[in-house]
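Visitor: If you count by the working numbering, then the sequence shown holds residues 1 to 281, one letter each, in order.
Worth double-checking, as some hints may not be accurate.
What the hints assert, rightly or not - Distance condition first, Cα-Cα at most 20 Å in a straight line; then the derived EDC-like pairs of lysine to aspartate or glutamate:
1. 226 x 199
2. 267 x 250
3. 226 x 250
4. 171 x 186
5. 267 x 242
6. 171 x 156
7. 171 x 199
8. 226 x 48
9. 181 x 209
10. 171 x 52
11. 226 x 30
12. 226 x 156
13. 143 x 250
14. 267 x 244
15. 143 x 199
16. 171 x 233
17. 143 x 195
18. 226 x 239
19. 143 x 91
What the hints assert, rightly or not - Computed Cβ-Cβ distance ranges for the label pairs, DEER-style:
20. 229 x 267: 41 to 49 Å
21. 177 x 16: 22 to 30 Å
22. 65 x 273: 40 to 48 Å
23. 93 x 273: 48 to 56 Å
24. 273 x 177: 13 to 21 Å
25. 54 x 264: 25 to 33 Å
26. 173 x 253: 38 to 46 Å
27. 165 x 185: 18 to 26 Å
28. 212 x 180: 19 to 27 Å
29. 259 x 202: 41 to 49 Å
30. 19 x 201: 16 to 24 Å
31. 15 x 87: 56 to 64 Å
32. 179 x 253: 47 to 55 Å
33. 269 x 235: 48 to 56 Å
The set of hints was computed from the structure by calculation and includes no laboratory data. Backbone N, C-alpha and C fix where the C-beta goes; we use that ideal spot for every residue, glycine too.
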Amino acid sequence: RPSTPKHGMAAVLVDADPSGVTTITLNRPESLNSLDRELLEALFAALDTVADSDARVVVLTGAGRMFCPGGSLKGGVAFSGFSDGGRLSLDAAARNLRFSVTVSQRLHSLPQVTLCAINGACAGAGMSIACACDLRVAAAGAKFGTAFLQVALSGDFGLSHFLPRIVGPAKARELFLLGAKLSAQEALSAGLVSEVLPDAQALARRAAEIAGQLAAAAPLALRHIKANLAESERLSLTEALDAECRRHAECGAHPDAEEAARAFLDKRPPRFGGEGARARL
């Protein structure tokens, strides 16, 4: 999948740090990081790359003054009922859209812990992508909204799945049906984000701190915790307990567990090796 649009600027930037943190930046500030086909394809490629990497944490953010206000109304052929040749049938339009929205599923199912650093407007499909992440922090100037009803659409990219699980069903209905827009502080109160920082610079620093803290944790335990939480969305209690016990036993048998205990007794920070952390769950 191409990662560089026709105008020559990389649509998505990927920065892999040796510490185990990979930062993915939506890099279309001239279009406010609106999702179009080129940006979507570049994001797919970035997620595919990071999924198979040694990264432990993924930070997703946006370049410029906005995170992502949603789909591009100009170039949104991937999200509409149109192709380059004209109107599509309903079935064809749904198939096209279903392929596009897989990016949210791909992001949500990454084995790495994901942190969304929301530096500005976050609406529509952009809000969907933010909610697909495990954690969210925001700059004080960030604004949030579902925005779908205002453009006569019902919603896509998984927001109707993610949002009720984050803020609760009643608040999700309010945001979808009444079109309420949230400030960063209101998003914090609603549980949509976990922290609000004064500005974009403070946001970047805090995101790096959180990512660094996560990357320093025992890698296998980190991935297994994420897998337990992700599977809890679909498993029965009996199935969840079975999976949880299996993963807990695997972590307990890993050298990192012994190192954690030794470090606690020695009153020093642990030094985790992480061998085997990329084993299939």
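Visitor: If a hint holds in the structure, say so; if it doesn't, say that too.
Guide: For each hint, the structure was consulted:
no. : hint                  : in the structure
1   : 226 x 199             : violated, 29 Å
2   : 267 x 250             : violated, 25 Å
3   : 226 x 250             : holds, 14 Å
4   : 171 x 186             : holds, 12 Å
5   : 267 x 242             : violated, 34 Å
6   : 171 x 156             : holds, 18 Å
7   : 171 x 199             : violated, 26 Å
8   : 226 x 48              : holds, 18 Å
9   : 181 x 209             : violated, 29 Å
10  : 171 x 52              : violated, 36 Å
11  : 226 x 30              : violated, 35 Å
12  : 226 x 156             : violated, 24 Å
13  : 143 x 250             : violated, 42 Å
14  : 267 x 244             : violated, 29 Å
15  : 143 x 199             : holds, 13 Å
16  : 171 x 233             : holds, 19 Å
17  : 143 x 195             : holds, 14 Å
18  : 226 x 239             : holds, 16 Å
19  : 143 x 91              : violated, 34 Å
20  : 229 x 267: 41 to 49 Å : violated, 31 Å
21  : 177 x 16: 22 to 30 Å  : violated, 41 Å
22  : 65 x 273: 40 to 48 Å  : holds, 41 Å
23  : 93 x 273: 48 to 56 Å  : holds, 49 Å
24  : 273 x 177: 13 to 21 Å : violated, 50 Å
25  : 54 x 264: 25 to 33 Å  : holds, 26 Å
26  : 173 x 253: 38 to 46 Å : holds, 45 Å
27  : 165 x 185: 18 to 26 Å : holds, 22 Å
28  : 212 x 180: 19 to 27 Å : violated, 34 Å
29  : 259 x 202: 41 to 49 Å : violated, 33 Å
30  : 19 x 201: 16 to 24 Å  : holds, 20 Å
31  : 15 x 87: 56 to 64 Å   : violated, 40 Å
32  : 179 x 253: 47 to 55 Å : holds, 51 Å
33  : 269 x 235: 48 to 56 Å : violated, 34 Å
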